[in-house]
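Asker: Following the hints, put chain A in place on chain S, whose structure we already have.
Chains S and A are the protein sequences, given in the same order.
Quick note: the first sequence uses the working numbering, first residue 1, plus one each step.
Quick note: the second sequence uses the working numbering, first residue 1, plus one each step.
Keep in mind that the hints were calculated from the coordinates and are not lab data.
For each residue, glycine too, the CB sits at the ideal point set by N, CA and C.
Do not take every clue at face value.
Quick look at which bits of chain A chain S covers, simulated, 3 or more residues with Cβ under 8 Å [said to hold, decoys possible]:
{"hint": "1", "segment": "58-65"}
{"hint": "2", "segment": "70-76"}
Beyond 12 Å from chain S on every Cβ pair, some chain A residues (computed) [stated by the list, open to error]:
{"hint": "3", "residue": "Glu2"}
{"hint": "4", "residue": "Val4"}
{"hint": "5", "residue": "Ala11"}
{"hint": "6", "residue": "Gly13"}
{"hint": "7", "residue": "Ala28"}
{"hint": "8", "residue": "Leu35"}
{"hint": "9", "residue": "Glu36"}
{"hint": "10", "residue": "Ala37"}
{"hint": "11", "residue": "Ser38"}
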Amino acid sequence: MATENQAVTANDYIVHHLTHLKVGSGFWALHVDTFFYAVLTGVIGCYLLYKAAGKPTSGVPGRFQAAVEMLMEMVDSQAKSTVHGDRTFIAPLALTIFVWIVLMNTMDLLPLDLLPKIGEMFGLHYMRVVPTADLNATFGMALAVFALIFYYSFKVKGFGGFTHELFTAPFGAHPLLWPANFLLNLVELVAKPVSLGMRLFGNMYAGELVFMLIALLGGIVGGFTLMSAFGFFGHVVAGTAWAIFHILVIVLQAFIFMMLTLVYLGQAHEGH
Amino acid sequence: MEQVLGMVALACGIIIGLGAIGASIGIAIMGSKFLEASARQPELMGQLQVRMFILAGLIDAAFIIGVGIAMMFAFANPFVVS
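Just chain S, with the same shape it has in the complex (with noise of 0.2 Å):
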């Protein structure tokens, strides 16, 4: 990469990658190739579970079959250890989330230039490829999160029962304490899509950086000099390890999001 264009310096080449692909400015600015990458995604993981669902055996499963049913279990059994009530919804929504986090985040292992330079000979001169390395994505997701605790909240405990719980939930139901009540749970209550969203952002955000730099590396390669086979072998090793312990990250990172929405969902339905 660094053979062609010399002039192109190393901050340059980080700035550029981190540069989205935007329709719209300011507030209503729309990043294209999130969206674009978020749904493609979401297709993939559709068509993959829809094609396992299509065809079950009840005799010897093959190897694509028995994986997802594997998954299903894995996700059910969680679901059903931290949700207690009605999961025809939750159980498949943890299903969803699970597998769409880990096809976006999967995203970051592609060759960090390769997506962008196929853009690129299409005229598209910004583009980043991992979804969850856009706060405005992983916010969505937290946001929706938000919204169905309000829902499940309201659905078991009522409009009464909730409000009750707002007011008197950690330190007692005396008057005086209602301020101290409310001001606690207004904090637990927007703590918790704040946590989720930047904690998946800036997982993948220090994840993708990091194979930015490691390209960066590879950048130094020209001729037979020391410097070169340094940042041939720093970027081969750096790139295999960071590759291989970002695997644990990716599923580690989709897994958490899945179990705190099945913790907070779960919450919502216990009363105190």
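Answerer: Leaving out everything else, chain A in the frame of chain S:
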């Protein structure tokens, strides 16, 4: 300008370093407790492992967010108007 750059460079080091200290201590304590608990009751190991991974992710998250922010400061520095 140079002073701001130097300060930001120091800040990046401190963000990553202190975050790493905290995350390492947290993971170490949790890991040792997990080993202890699973030595006492090996039949609980499966359940505990799931929870350990969740908590490892939670502990790691604060550190990794710090690394992300430090990297952003290092490469797209918002404090210097160039």
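Asker: Can you name, in rising order, the numbers of the hints this structure does not satisfy?
Answerer: none
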